[in-house]
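> Given the coordinates of chain A, assemble chain B with the ligand onto it according to the supplied hints.
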Amino acid sequence: MASTTVVDFPSNFIKALGNPQLRRNLRAAMDTLGLRRRTLFADPAFFAQLRARGDAIRQRSLRKLPQLLEQLERKCTENGIQVHWAETTTEASQICLDLIQRHNATRVIKGKSMVSEEMHLNHVLEEHGIEALETDLGEYIIQLDHETPSHIIVPAIHKNRDQIAHLFHEKIPDTPYTEVVEELNAIARKVLREKFFAGEVGVSGANFAVAETGTLCLVENEGNGRMCTTAPPVHIVVMGLEKVVERLEDVPPLLRLLTGSATGQLITTYFNMITSPRKPGEKDGPREVHLVLLDNGRSKILADPQLRETLKCIRCGACLNHCPVYTRLGGHAYGYVYPGPIGSILTPQIEGLDHAGAMASASSLCGACEEVCPVKIPITHILRRLRNESYNKVDSPNAVKGHGYKSNLAESLTWKGWAMSNAAPWANALNAKMLAMLGSQLTKLTKVELVKNWSQGRTLPRFAPKSLHVLAKEKGIPHE
Amino acid sequence: MSEVGEVSHARDHILTRLRAAVAQVGESAPEAGALPPLDFDRAERVARLKRLMEAMHAEIVVTDSTGWVAALKNVLRQRTLNGLLYAPETPLGATLAAAWEDDLPPLVGYTQEVEQCKEQLFAIDAGITSTKGGIAEVGALILWPDAHEPRLMSLAPAVHIAVLDADRIHNSLAEAMAQERWAEGMPTNALLISGPSKTADIELVLTFGVHGPKELIVLILDDQPAPSAPS
Ligand code: SF4
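Each protein sequence line maps, in turn, to chains A and B. Using the working numbering, the first residue of the first sequence is number 324, and each one after it goes up by one. Using the working numbering, the first residue of the second sequence is number -5, and each one after it goes up by one.
Hints should not be assumed to be uniformly reliable.
[As the list claims (entries may be wrong)] Here are the computed lysine-lysine pairs in the PhoX-like style, where the Cα-Cα straight-line distance is at most 20 Å:
no. : chain 1 : residue 1 : chain 2 : residue 2
1   : B       : K112      : A       : K518
2   : A       : K602      : B       : K112
3   : A       : K513      : B       : K112
4   : B       : K208      : A       : K518
5   : A       : K513      : B       : K126
Because the hints were derived from the structure by calculation, they are not lab data. These numbers come from a predicted model, not from an experiment.
Here chain B stands alone, though its shape is the one from the complex:
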């Protein structure tokens, strides 16, 4: 099995068998239809995402587009953190840099390739990222890390802070995929995140903070907070 070219033989053999196999069985019954789409109103989407993610031990802070930096500072001042990993080249990063104060954990930019800064990435206590959106049905954030906001930002530090625009909370994953036409171009890595990392591998006892972040803090920017009674 060590001959050169063996691998491509495997491909041909497998595909030949598979083609013969599907030819034997042929086409079958028509398909069950798609599930009816979910339709929560805006306030319900925010409330549902908050409730479900809190149940998964995420900390949710509902704020707005003018108050979020203050809310973030408040969150940071309640903790002892050696630094906050951020993406200097994003609008979010620029806002943070402009508003930073000396008593806060220092901002550390993720500006080099991982090979040059792996030690710092694994040593820093917290990281802050934007999000692409959220999913109300299951309570999760959507992240599409990119060149400016790399993948390890939401993974290596023990505390992950995520900023979510309430307008971008979708009813469901299916809806997000369809409306934003994901199928036309998926990023290197797309993620759904529903809480801090967890495990139940020992006697099914749920414990948080195994390999990924121990804490997930979500700042929801909601400029149209729900009136107390539905209108």
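Here chain A stands alone, though its shape is the one from the complex:
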């Protein structure tokens, strides 16, 4: 999403909420993923230990990030992998485009990569007459329908089988209509196998990069990632620069956390570790491997001790699966590449609060995301920070881009009023009395536009006759 766009959240949300099919598709899928994760991590003591380890590894990686990236670059170069650095998504796409054009390639096959989505790489390549074909089944499905992923792990989860059946029937020549999942799968296999055979450049992401050995690690189930990284003569890896870890031994705990949190798997079908291009004498594998390291705001995030926790993320998607907001809206309503809790903390920091700050409000702060996050990212704390900085101009170099964009007069008055009412007991008491009086009258308020909108899908609350302040005082609790 270009940073000039401001997403219209309210209308996106209303649209998403009004789509019962979407909600049914999502709900069932998210419940299943959640259940599988719980089953896999059934032993809380083991999970706590593993998680502490994962958290520590990611923290250490970030503490040493500049030196680890230099080490990674050195190791990769020694091994024959060419390393490129990009400050922005535009630069990263340009690097890929140059590499592809240098080989006169027009057929690019892609493994699933959220960073390439962040770069809008397919769009850039298509503008230059290059076919960039998504080969992960979910990504293939949504690309056929000109959509973006609605989930970072299961990108087509918003679609059900009849929607996919129609899509295949309409978009893939000579394809009969079928709703049998195995048959749909076989159709995609056939189409894509030809593409793997003919692909001139493979593009993929990476889940981890190991500084110690210069190894790029990819986690997948389908084998399309292996195809994209093995069959074509050139392989380009695009990766956010925070994905580096220090040592090879850091990989097993993170891998276990990633597959367990994402899909409740002990391990995926394939774990693919790439350390060099084809060596003399070897019979296959790409002759050239390129690693594109993308910053796109990450180095700024690293400077702040609280915000940097965002960069620990291993993109498992568990926070999406457990989020009451995500499971009702799906990913598209968020309007940006990364949806759900991780998207709500990452995107405003990259795009600026003035563009994506509203994402931070797409949360009830229930904390379910934090409870499941395998690397203990304090998501709700960061959400609150982003909300605060939306209202307050902050005098610090670490302030989030676009801070204070909501600090207009009306808003700040409201907040001052709220602050005063909480600081001064008499004001609070007054408020409470007014609310209690209003309570019984509230139904009449539904004529007021704001309340009318709000109450369309909800039951109006009844305010308690006595406030918590009052009740606490009656119970003899001096300070609540």
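This is chain B with the ligand only, laid out in the frame that chain A set:
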């Protein structure tokens, strides 16, 4: 942004920002310790790997170092396959070539670079490879493809047959990495494989055989099969 040398500027700018960023935050708390190592006994390692990989729809045949070729022939005779891709220059390949029979799918050696034989690679039904070992904890094979046993052998054919020595099943990935000192020299490509290729991208319905092999058959060579009761 099209100037020559722009890319190296990006590198400097990024590293400068990153260095300033880590200097601001500094070092923090000591690290949580490594997880306690797993310690299954030999029989448990074999049994666990078998159970977990079977759950992922791999077909596991437990045999031994004298009986495995016969077991393989049996597996092949149950199927209709147009050929078996193999690595003629490995000990495993030599054994196969010596023991081959006419009624079996013909052995096809992977002897040329992929550019010369891509069509055959994508057309052949089955491929057989050795393995470097296995992982009991999660149920997976370790493969380090090399010049003799190239990467596509375990990927392009619809059926992948893998031969695993039971002595080389490790407790965990961490253990395999440490004992075999992987960090001192990683190969071009190292792989863990836990079953045939699969996807759940349509309504989370698990289906097997999407882009990689549809079938994975593992011959475990176990010369010390477990007694029926633990001793
Ligand atoms: S924030 Fe945590 S739970 Fe969410 S995707 Fe990242 S690692 Fe997973």
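> For this structure, which hints from the list above don't hold up?
As far as the earlier hints go, only 5 is violated by this structure.
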